[in-house]
Every structure is written in C-alpha cells, then in structure tokens.
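Chemist: Chains as they are written, first to last, in full-length UniProt numbering: chain A, 1 to 550; chain B, 1 to 80.
Heads up, some of the hints might be wrong.
[What the hints assert, rightly or not] Here are some chain A residues pointing at chain B (derived, C-beta under 7 angstroms):
hint : residue
1    : V25
2    : I89
3    : V90
4    : P93
5    : L216
6    : G218
7    : S233
8    : G237
9    : L241
10   : N245
11   : F255
12   : P288
13   : V396
No lab work stands behind these hints: they were computed from the structure.
The structure presented is a predicted model; accordingly, all values stated were derived computationally and were not measured.
Glycine residues also receive a C-beta, built at the ideal position from the N, C-alpha and C atoms.
Okay, here's what each chain looks like letter by letter:
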Amino acid sequence: MWRDHLTEIIVFSVLFLLVSAMGFVAARWRRPQDMAHLDEWGLGGRSFGGWITWFLVGGDLYTAYTFVAVPALIFGAGAAGFFAVPYTIVIYPLVFLVLCRLWSVSHRHGFVTPADFVRNRFGSPVLALLVAITGIVATMPYIALQLVGIEAVLKTMGVTGDSALARHLPIIIAFAILAAYTYQSGLRAPALIAFVKDSLIYIVILVAVIYLPYKLGGWGSIFDAADAKFQASPAPGDGILLNANNQLQYVTLAFGSALALFLYPHSITGVLASRNRDVIKRNMSALPAYSLLLGLIALLGYMAIAANVKPLPGAKAGSVDGNTVVPLLFDQQFPDWFAGVAYAAIGIGALVPAAIMSIAAANLFTRNIYKEYLKRDATPAQEANVSKITSLVVKVGAVACIVFLDPQFSIDLQLIGGVIILQTLPAVALGLYTRWFHRDALIAGWVAGMGLGMWMLYQIGNPATGKKHFAGSAFPLSEFGFDTKKTIYVGIVAVLVNLVVAALVTLVLRAAKVADGPDGTTPDDYFADEGTPRAAAPADRAPSAPEPVA
Amino acid sequence: MDAPEPEAPDSARSRAKDKSPWNWLLLIPIVVPLIPAFFNADSPRLFGFPRFYWLQLAWILLGVGTTTLVYQMTKKRGEH
C-alpha cells in the first residue's frame, strides 16, 4: 500500500517538482535573442559546449527504460542481457567521424533533422519523407517506454489504482508538466535537467555497487546465486555465460543496435545542438563513462536474484512485471529516503529523453512534412510554433499508448522501431560519405529492408509467453534453411538486404540512364566548422525566407 | 554575413583534418568487443566477476583510450 512508502513518495515528489521548476526556468538559461526560431527552440541555439553536450546526449541515450529494462533482462535471461555493454562500447568509435560530417553539413545548410540532409543530398522529397516518417514512427514507442520506466517506480511505491484512469493519473500529471516546460523552453529544458538526472543516477549507482555486494556477500556470491538460478531453470537460452546458440545473436544485436542508435532523430538532435566538431569528438571519448554506469546498473539484475527479489505481478493474470525488479531491490535493501532518491533518478531519467524525443519528432514533422508539403513559405517563427505544438501532440500520443494499450505493446513496437530506423542507414549514414546511390534505389532498398524486417519479426514467437508474433528480435537461422539452432538479430539481416537492393537497383537505373536528383551539398560542406558561414539556400527550397545566420 | 565562398580558403587544410592514418585505430574498439571467444568464459574471475563481465567492462577503457588517442593525434594536425 502507498502509506508504507510515504517517505519514498515525498522524496520522489520533491525532487520531481524541483526539476520541473528548472525546466521552466531553462527558457532563460543562455537566453537567445529570439526564441521564435527552430534553431533556438529545437536545437538550443546550436551552441552547447562539451559538458552540456555530454549530459544532454548521455541523458538522451541512456534512458529510464534502459535503467529498468536492461537489469530486468539480466534478471530474467542472464548474459544475453549484457549485450548493452558491447553495444555502447562499439558505438562511439563507430560514429566518431560520421557525426562530425553530419554536424558540419547541417551547420552549413541549417539542417535540423536527418531528413533535411537527405532532402538536400539526394534531391528527393519522397526519400526525405520516408526518412522523416520512419523517424517519427520509431520515436513514438520510445517515448512511451519512458513512461513504462516511471510506471515501474510508481507501482513499487504502491501509487496505483484499480481503474485505468486512477492507475495512470500520476503519469498523466508528470507528462502534463513535462509537456508544459518543453513547450516553453525547448531543448534547453532537458539540457539543464540532465545535470540533475545524471548526478542523481551516478550517486545512486555508486552507492548501490559498493553497498549491495557488501550486504549480499560479495560479487562472487552474487554471480553464484545467479548461476544457481539459471542452472535450475528449464529455459535453454539463459545462464551467466552465452551458449553456442546465442553468441551470434549477442554480437549482431550489439552491433545492429549501435548502428541504429545515432540514426534515431533524438540522438541527432543532441549532436546538432553542440557548438562545433571538437565538442563532438571530445564527447565520443567521454560518453563511455555512461557505459560503465550502464554495465553496473545491468548487474543490479543479478543482485536482485541474490537478494531474492520477486517481481510484482504484471498487467495480465499470472504474468510478472520484470521491470519492477530494480525498484524492488532498492525498496528492500535501502532506507526509504535513499530509495526515494533512486526512484526520482529513474523518474527524472525518463523526462530528459522523453523531452528530447518529442522535440526531435516535432522537428521532423515541421521541417519535412509541414514545410515541405503544407506551407512552403513558412517563416522561422511559424516553424518554431508548429514544432512546439507538435511536441505536445506527440506526448499526448505517447501517454495514450500507455493508458489505452498494454504497455507490452510499446515494448514490442520499440523492438520494431530499432529494425525500421536501421533502414535509414544507407540514405543518412552512407549518404554522408557517398553520393553513389541513386535516389530511387535508396527508396527500393528501404522498401525491401522494411518488408523483410517486418516479415522476420512477425515469424518470431515465444512459447513461454504464448505470443506467436513480434516476441523478440532473435531470428532462428533454421527459418532460412540452415541446419542450426543459432539466431541472428533481425535488423542486421534487413539492413544488409536493404544495401544489396539499393546497390543493384542503382546499377540498373544508371545503366538505364534514369534521371537522378541534384546534390545540394559540396565536398567542403562536410568539413565546415564553427564560424564558417552558412551556404545560401537553394532557390527551390526556401524562396521567400532566407535563413538568418545564427 | 557575406555570401559564402563555395571553396573556403582553408578547405584543403580542413579536409586533411578527417583524413588520418590514426583513424584506422578506431577499428580496434569496434571489432574486439564483438568477438565472444575472448570473453565468453567464467575464469579467471576478478574480484568475484566472471571473465565475461570484467573483460567486457574493461573494454570500455579500450574504447575510451582509443578514441582519446585518435582525437588527440588528429587534433594537432588540423589546428590552424
């Protein structure tokens, strides 16, 4: 009952309100001359230095859901859940140079979204629209997942009711506050709040990884307890080590997720908000500090096993909500006030990425749908206004997903989200390096990769939960006719097919001399740095309103 | 602001910024963490952590070290 958790609820609420106040004040922080511009509202004036970018991008990539779901996965399946660690190691060297090129060309041309870049690079509004829609669709369930993170905490504190509305009221209130200050302050709000969020998380985790092993008999016995649990369980894929059948899945999932992460529009928003190339490069070597944090948080899953945590019941009768294991572990092992701080860290940890994601989705709508198809001559002030309103709509949509649909549905959608966002890789990431692909071939590749990816996900069931489709991302290679029990990450296969189709169709279209779109960028655009003036907007892009230089 | 020159005067130098043999080092922290043969074992344990866990956490240092080295070595060349 919630009365038993009164101290936790008070600490949680106070910290939550404090941070909300910061969100509103953020509009005045590094105050711009003119907030009515997408560069200011949606990208914080493109002026963030090393530290702010570190907190912002870190707060953006390592979300409440990560902090709740990765340990839950470790709790349930063991070693397979640890994929998040190699994933977040591989990603930074992988995108070290790529993001600098994206930043430079975006700085030069005033791009706000990845679809802006594609529109200009390949001269194809259709391809840009596909990239924009893919981005919006992939982002929506991601925002909903942040709510799943908060919900796990609220549930543990006993803040839950019987009717659907009562159960979700705290989340609706939290998101209404979030929506209000994001509307007012734009990207400045999550950037400022990220400082608090990450400081809290670092404190909580450092205390947890020092104090809990001491209390639970040392790391050795924590791993032994986990090992004993998995030995006793009938599931074939679990254990504190990988087995012969899930190693390929582990590696391809880590690599595929790394490829996908910086294709998400919200990650790109964080990167484009930085001041210059140097900030990005320094961050690529400093951000892995969060990976260490993530690895330690993941191991809370094993600590929960050693501490005999029993997850709370799930939405359906007989099911359990694995997402509650970490909040329960804190509840059982720590004094109430400290558990309250930990819950606040997770709750606030949901607000930062949710704000950035809604801003990114709103920017995509504004730049690549509204401005492209609805109002060509929109002024910067109109753009900023449309983005502000769209960000509200996006958040209402995410809340509706949680209130009216089973949260499991968001989790499944997010799984699909990873696979579909990967299909923008040839146009966005390879597009930064080569103009070789034909614009129509990229569309063909997108269609092929998307179709195959959806088919593969549809085939994946989970006998344990009785789900027949979309129950995971591990595709059994035997379905392709191989005589093996190995599985592979769907996204990797789909993006490879996408690339092959794009290459083949390019060759055909070039041979048939089908007209290609013009390239609106020059080779030098990819190396421009802070202080380089903006390129003039092409005549067909913004006829009436030249972009002011920020 | 003046109209931008299509070819900025320092373009040749700034292009050299991204081209460096040091960049090849970035492949190490991309490839090494993705080879399970290195880490998928229990022994030796370190502070009670099976090899699977401590070695993968140690690769964070490999990643930080490599990217920092590449950043430092390529920064000097591009400074002007």
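Chemist: Does N245/A pass the interface hint, meaning its C-beta sits closer than 7 angstroms to a C-beta of chain B?
Modeler: Check failed: Cβ of N245/A comes no nearer than 12 angstroms to chain B, outside 7 angstroms.
Chemist: Should the hint that V25/A touches chain B count as held when the rule is a Cβ pair under 7 angstroms?
Modeler: Violated - the Cβ of V25/A stays beyond 7 angstroms from chain B, reaching only about 32 angstroms at its closest.
Chemist: Have a go at the L216/A hint: is there a Cβ in chain B nearer than 7 angstroms to its own Cβ?
Modeler: Violated, because the Cβ-Cβ distance from L216/A to chain B comes to roughly 11 angstroms (cut-off 7 angstroms).
Chemist: Let me know if the C-beta of S233/A comes in closer than 7 angstroms to any C-beta of chain B, holds or violated.
Modeler: violated, 18 angstroms
Chemist: Does the CB of F255/A sit less than 7 angstroms away from some CB of chain B?
Modeler: holds, 6 angstroms
Chemist: The hint names L241/A as touching chain B; please verify it with the least Cβ-Cβ distance against 7 angstroms.
Modeler: holds, 5 angstroms
Chemist: Does the closest beta carbon of chain B sit nearer than 7 angstroms to the beta carbon of P93/A?
Modeler: holds, 4 angstroms
Chemist: Does V396/A pass the interface hint, meaning its C-beta sits closer than 7 angstroms to a C-beta of chain B?
Modeler: Violated: closest Cβ of chain B sits about 38 angstroms from V396/A, beyond 7 angstroms.
Chemist: For the restraint on P288/A, tell me whether the closest CB of chain B is nearer than 7 angstroms.
Modeler: holds, 5 angstroms
Chemist: Hey, does the I89/A contact hint survive, CB to chain B under 7 angstroms?
Modeler: holds, 5 angstroms
Chemist: Have a go at the G237/A hint: is there a Cβ in chain B nearer than 7 angstroms to its own Cβ?
Modeler: Given a least distance of 14 angstroms, the restraint on G237/A is violated.
Chemist: Given V90/A was flagged as interface, is its beta-carbon under 7 angstroms from a beta-carbon of chain B?
Modeler: At about 5 angstroms, which falls below the 7 angstroms cut-off, the nearest Cβ of chain B leaves the hint on V90/A intact, so it holds.
Of the numbered hints stated above, those contradicted by the structure are hints 1, 5, 7, 8, 10 and 13, listed in ascending order.
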